[in-house]
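Kindly generate the complete structure, drawing on both the sequences and the hints.
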Amino acid sequence: MAHIDINAEKGTSLWEDAWRRLKKNRLALFGLGVLVLFVVSALLTPWIAPYAYDAQNLDLGATPPSAQHWLGTDIFGRDLLTQIMYGGRISLAVGFVATAVALVIGVTWGAVAGYIGGRVDAVMMRIVDILYALPFMIFIVLLMVVFGRNLLLLFLAIGAVEWLTMARIMRGQVQALRKQEFVEAAISLGLSPMTIIRRHLVPNALGPIIVYTTLTIPSVMLLEAFLSFLGLGIQPPKTSWGLLISYGAETMEEYPWLLIFPGLALTTTLFALNFLGDGLRDALDVRRSAD
Amino acid sequence: MNLLEVRDLQVDFNTRNGHTIAVNKISFTVKKGEITAIIGESGSGKSVACYSLLGLLPQPPASIESGTAVFEGRDLLTLSESELRQIRGRDIAMIFQDPMTCLNPFMTIGDQLIEPLMFHKKVSKASALARAKELLVEVGIRDPEATINNYPHEFSGGMRQRVMIAMALINEPKLLIADEPTTALDVTIQAQILKLVADLQKKRDIGVIFISHDLAVVADIADQIIVMEKGFVVEQGDSNAIFTAASHPYTQKLLAAIPSDTKVTTLNDPEPLIQVKNLKTYFNTGTTVVKAVDDVSFDINRGEIVGLVGESGSGKSTIGRSILRLLPITSGHISLDGQDLTKLDTNTLKQTRRRMQMIFQDPYASLNPRMSVYDTLAEPLLLHKIETRKTVEHAVLRLMDEVGLARAFIRKYPHEFSGGQRQRIAIGRALATKPEFIVADEPVSALDVTIQAQILDLMLDLGKQYGLTMLFVSHDLAVVRHIADRIIVLYHGKIVETGTSETLFNTPQEAYTKSLLASIPGRNRLAS
Amino acid sequence: MWRFIIGRLLQAIPVIFIVITATFFLVRAAPGGPFDAEKAVIPEVKAALERQYRLDLPIHEQYIAYLVDLSQGDLGPSFKYPGRTINELIESGLPATAELGAYALLIAVIIGSLAGIAAALRPNTLQDYIPMSMAMIGICMPTFLLGPILVLIFGIHLDWLPVSGWGDIPGDKLMPSITLGAAYAAYVARLSRAGMLEVLSQDYIRTARAKGLPEWQVVLKHGLRGGMLPVVAFLGPAFAGLLAGSFVVETIFQIPGLGRFYVQAAFNRDYTMILGTTVFLSTLIVLFNLLSDIVAAWLNPRLRAQLSE
Amino acid sequence: MTSPLLRLISITLLACLTACTGGESKVEQGNREGVLHYGNGSEPQGLDPHVVTGVPENKIIRSLFEGLAVKNPYTLEPEPGVAESWDISEDGKTITFHLNPKARWSNGDTVTASDYVWSWHRALNPNMGNQYAYMLYPLVNAEAYATGKLEDPNEVGVKAVDDHTLVVSLNAPTPYFIQLMDHYSTFAVHPETVTKHGGATDRFTPWTRVENMVSNGPFVLTEWKLNRYIRIEKNPLYWNADNVKLNAVIFYPTENLTSEERMFRAGQLHHTNEVPLDKLPVYKAMPKSPLVQAPYLGTYYYLLNTDRAPLDDVRVRKALSMAVDRDTLVSTVLQGAYVSAYSITPPDTLGYYPPKTFGYDPNKARALLAEAGYPNGENWPGLELTYNTSENHRKVAVAIQQMWKDVLNIEVTLANQEWKVYLDSVNQMNFQIARRGWIGDYVDPNNFLDLFISGGGNNNTGYSNPEYDDIILRRAPSAPTRDERYSLFREAETMLMESMPIIPIYTYTSKHLTHPSVKGMPSNLMDSLNIRYVWLDPSETLELE
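Chains as they are written, first to last, in my numbering: chain A, 1 to 291; chain B, 1 to 528; chain C, 1 to 309; chain D, 1 to 545.
Any given hint could be a false lead.
Unchecked claim - Computed cross-link-like contacts, PhoX-like style, restricted to lysine-lysine with a CA-CA straight-line distance of at most 25 Å:
hint	chain 1	residue 1	chain 2	residue 2
1	B	Lys412	A	Lys24
2	C	Lys39	D	Lys149
3	B	Lys121	B	Lys133
4	B	Lys350	A	Lys179
5	C	Lys221	B	Lys125
6	C	Lys221	B	Lys122
7	A	Lys238	D	Lys405
8	D	Lys395	C	Lys39
9	D	Lys225	C	Lys80
10	B	Lys133	B	Lys203
11	C	Lys221	B	Lys121
12	C	Lys80	D	Lys196
13	B	Lys280	A	Lys179
14	A	Lys179	B	Lys291
15	B	Lys133	B	Lys202
16	D	Lys395	A	Lys238
17	C	Lys39	D	Lys59
18	C	Lys221	B	Lys133
19	C	Lys80	D	Lys59
20	B	Lys412	A	Lys23
21	D	Lys149	C	Lys46
Said to hold, decoys possible - Just a few of them, taken from the derived set where beta-carbon distance is under 10 Å, the chain A residues facing chain C:
hint	residue
22	Ala100
23	Asp129
24	Tyr132
25	Pro135
26	Pro208
27	Gly248
28	Leu259
Hints in this document: simulated from the structure, not taken from any laboratory.
Just so you know, even glycine gets a beta-carbon here, dropped at the ideal spot from N, CA and C.
Here it is, written out as structure tokens:
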């Protein structure tokens, strides 16, 4: 025991550890691989896309998949593969950034409310109720008027909506956790409430949060399409998966490929996220994956 | 007459992390009308062996590799699931360790009680209820008419265990398997339950398997004792023989672990470190006020270990937490080294926390499951700037040495440790800030007896080494007298009696203290 | 228990009041008014209209007048449908939406919990993977997609069900209910799976097995109540959320519901309708959150005891 | 344990399914009973002729009420309604309507000339907030009364000489005035009924409810299920009831185009209000197509904000307009649904054909843009095209954006806005280019050309030309003959298109799916329904192959 390599004794953080465990989960790695592939291709899209995203060929119109256009074309004769690649840039960015915003606000809000409890909790949760009840559309329209149209605002707007449920989940978790003795131990060590929340409560509440997050990302992608309809989001000819799907839904009988391929892109992302999310949850749950 | 005959039973576990043999070719016999105790530490395979007989082990990961278990002429291990189901709850019934979690919180005890009767015997609900009420009376629950429609949470732990026993007995089984039925209970309640099991067994003349980690518990009631270690049966025989002439070293070790000595006070120069004056801590539940601590005053001298003894609900843990300012107190004064703790601002309080620490009862709940040993131990060191980021690792390793944890474990997580090792981590955390005063809240009551002894010794050693002052909270007098210089007995939030360990044990003044002493298990046999 | 309920209702009053106030001023701040139309409205006509709707008053007087009306239960006249009051419109839309929501949740609970329980009984087998994959898709399948697909299959190609309507042709309530319920069913499936897995690992399940009960009794009698608690907690807010969610389904299937009013009011800047539906919605949110807590307490005796303290 | 439950559910489902298959469809039942199932676009705001503003209301109100004159659905020429006949004075400023003595309210009361006087006073009353009050502005003093400048309604140019004679005085000869008598804002309402349920000029009275309404048209209101349907039934008291062939009509608020088309396919509708664009090729390919498409009195165009650079330069405006290949746009993206437009007034507006002053001309467009200082798009400051959120607007905008890029090498960004935000932008002139559509209220070039008079409420371009104003406001109304009037309009329109404050894109068409059993519902420029002519032939069946 005395001659152990000092490196082996080095403490590791929860995240390093989780990564070590995640690497052993094949399904999660597959999910991660798919996501990385999507992100990389989104980043490289301007160089690798087969066509320009706004190149129209009105006389060609909507055609099913062919050798020239692997996934077919839309009514403007634009290459669908190119559209999906460019759409992925927007959708993935919206999905990840907006969800991250929601995650940060929701987790903080919920954790603070749950930890402090009592009146503060009641007030904080009533604020959540109020935001739930406000007419969302009017809120978005106002945002647009006040701040104008931009992508960052879109992320914030979506994040500002999605954090509510996140806060509720987090609060429930923290309420259950704060009665545990290790929290008391942390208090008796003299840790400040914020440190206790950050170091002791949040990591232990991550499981349900991660699962909810993986479900939030795809719904955020679809919400983006709605906001774009209201005029807040992206403008044609730029596109996103959400928009492609909603356009495709209109013509699902005439041009089914316009729905199927964007839908597949979203569904694949969804499953990849889910595999990764479940894997991450297990990896972070140090008890479950003893090794 | 042999009721159950187990031969060459082997149970393996196959998990992703490898293959283990939990029960290794064991054989034993249970006779009708006798209590057979199976004794061993956690992980010895004692529970696995019994569960495997009834098909209650999830398979996989468990698999029964070999053996026979003949019960009334039938080999339990070869029966189909539906045949086993006919035996479970009818011919063989079980009582589990934690009556808190083993009763369905969503059903009234009446509904749970009559379930086996109605299912196996197909009797009407009315007659099942009538039978259930009779049994409730028999296990010592008064007024069953009123209580039968209550939910488990409306009962105390001891009452719940009585309900569990009634439920097990309602079909008049021939064999009762009791898996650590008293471990989660206070000593006084434990004594009552032990007596109840023994009485019922005699009255019905049934066979009982009593599983425990503590030889003392079964000392008074067991006819046969089987000692298990790491899946093997290391010794078995007549109860008297085991207690008087144990041959296997492990059995001897188990016997030695039973705390039986009394600490002799050596303190000469009393200088109060902690002073508690007229402490009151009440809990307001909305409609009623629970007086958890009701006007309690005492001092703890520097270097002294004071035992605080009482049953659950006596307010002993509340006192400990009140002193450490983990709970808001209602009134009174608490001072550390003359400094009034009730009047500190947040910042000073944070500084003062360094000087007083706590060790909790449940080493599972008191360690953050997502923090490794390193994180847990480094946190207080860094927080109070005792060490820098550069030197902290060395300090953590030193701390681990002191509490007897191998350095190689530094990156492991709490779930990877046994209960005893976990409690060592918790002790290490409490000692990290080099405190002067420690509140230990039942630090060994969740541990096996052998481990209990080790941890108590560790605490005594470290206490001496660090010159610690300690408030040792426990329901177990046997443990307290081993470690404490002075003992305070608490009942319903008030102090009943105070004295040095020696005087309290040898000449208890109050009736309540006497009854506490009387309920120490195995007292009669071990004394003789 | 009553103390708890009354306490919660008292807490709801400031919530609803703030929601009303915020909404009142937000809608008036939004660009475009209720009388803007593609063909420009003559200023005199517009002035006459604004007078009729009290929009010519200073905004604080409008606000106070609205609160006074509201305190008498009067939600005001509709802008979009002159000659009708908001009370009347909400009354006319509520039955269909409530019915649709109830069926949708019923379907969600039945299908979702069956799938979730089935999955929890054999975790990490096909019996788990298949329903859970369906649930994943269900959660993300937008109603604007699912509805038309169902209509195409069952309404047009198979010709089994009417493609739209509500209570006009037998069977016309089935497809809308399924469309709306699908996403909820998916959530319920996930929640009940997680809940059942949690409960089935509890000690009292082992006790039930030790009694010799057959597996289905163990699951149904001992597992279900605890396992369904997360579902109950989810259903309260979900039912309130249905109002906004049912808009798409109501549009696709031509259902005369409240969801259309709720969403179209915002598009039309129908001030009184926006406020009316929002007041209604926030009341629903409060009530259903409370209801789900009460049901949870009813299911969980320990919680019941806490609340009755 | 799951299987018995599942089985139970599937059995229930199956039972429910079989219960509703194989039955008679609504259309088949309707054909048998003489009930027309009519897709009507949306829920009417109300049924008070002096309150409502939309097209769906129009179809229902014109079935419940009857104007002094009605339109022949085949020719759009006026024919007798409540008025048996009418005389127009020499100077064209006085019209005398002779009311049909058989005209009855649905409660049996006779329709009298004083009912009209009362109703028109009501329609013009400023308190009414009637957005279509301007339809009656040709009357002497009507505008003054409607805008509050005149207190006494009796000074308005409408008088009841006796019960059956109504005399109307006009400011100027108004050739299209008779046409206006078929617009609901000029309909009479039953005074006693209105006042019984509230004030005469109260917008909020419940007099239009099923149980209260009294009307004078071929049908009466019998059921009004909000957002579900409105059912009207044949009015036995109608003076011409013998010639009404339908027993009942049910109007559905078919808001969702896709759903409406599916309802038609499933036999739940006789007639759809619209057809989704992408369905057009499918229906056009059918040998016995239910598709009915006809030019419609409306123009789709882009407003150009002539107050803002670079659109303050007429050469830029023209370059933009000439760079739009309307024929390609219409035939590809729009699936041939519309007709290319090069002017604001639709062709053949009651014999009026607008001038064609330009065409698709990429070279000239490039030259003009270069002249304006942007050769091959250099130094182009950028432009934004605003439109309200809608699938079709988006399609047009995206295609035109690319055409401008291809032809002129300039960047135009798109900005879709939510409906009311868009209206606000347009009204505040807070845009550079904005999409706009105009549907004629009556068939006359004036209805389109008076949009662009200086400061006109619907001008929204900043275009202002005194000469143009003079033609529209003074010279054309006083033109003695129709030909002279039309040539003045052509002159004005040429002037307008030379300045190009708008880019006309296409002329609307009406598109419906109509079950072959529906007869007497011809397509026409106004998409005008005259329910009196409609009948159902049960022998006709729909073939969708």
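Now for the hints, and whether the structure bears them out:
no.	hint	verdict
1	B:Lys412 to A:Lys24	holds (18 Å)
2	C:Lys39 to D:Lys149	holds (23 Å)
3	B:Lys121 to B:Lys133	holds (17 Å)
4	B:Lys350 to A:Lys179	holds (20 Å)
5	C:Lys221 to B:Lys125	holds (16 Å)
6	C:Lys221 to B:Lys122	holds (17 Å)
7	A:Lys238 to D:Lys405	holds (15 Å)
8	D:Lys395 to C:Lys39	holds (23 Å)
9	D:Lys225 to C:Lys80	holds (16 Å)
10	B:Lys133 to B:Lys203	holds (18 Å)
11	C:Lys221 to B:Lys121	holds (18 Å)
12	C:Lys80 to D:Lys196	holds (24 Å)
13	B:Lys280 to A:Lys179	holds (22 Å)
14	A:Lys179 to B:Lys291	holds (20 Å)
15	B:Lys133 to B:Lys202	holds (21 Å)
16	D:Lys395 to A:Lys238	holds (13 Å)
17	C:Lys39 to D:Lys59	holds (19 Å)
18	C:Lys221 to B:Lys133	holds (22 Å)
19	C:Lys80 to D:Lys59	holds (18 Å)
20	B:Lys412 to A:Lys23	holds (18 Å)
21	D:Lys149 to C:Lys46	holds (16 Å)
22	Ala100	violated (19 Å)
23	Asp129	holds (5 Å)
24	Tyr132	holds (6 Å)
25	Pro135	holds (5 Å)
26	Pro208	holds (8 Å)
27	Gly248	holds (9 Å)
28	Leu259	holds (8 Å)
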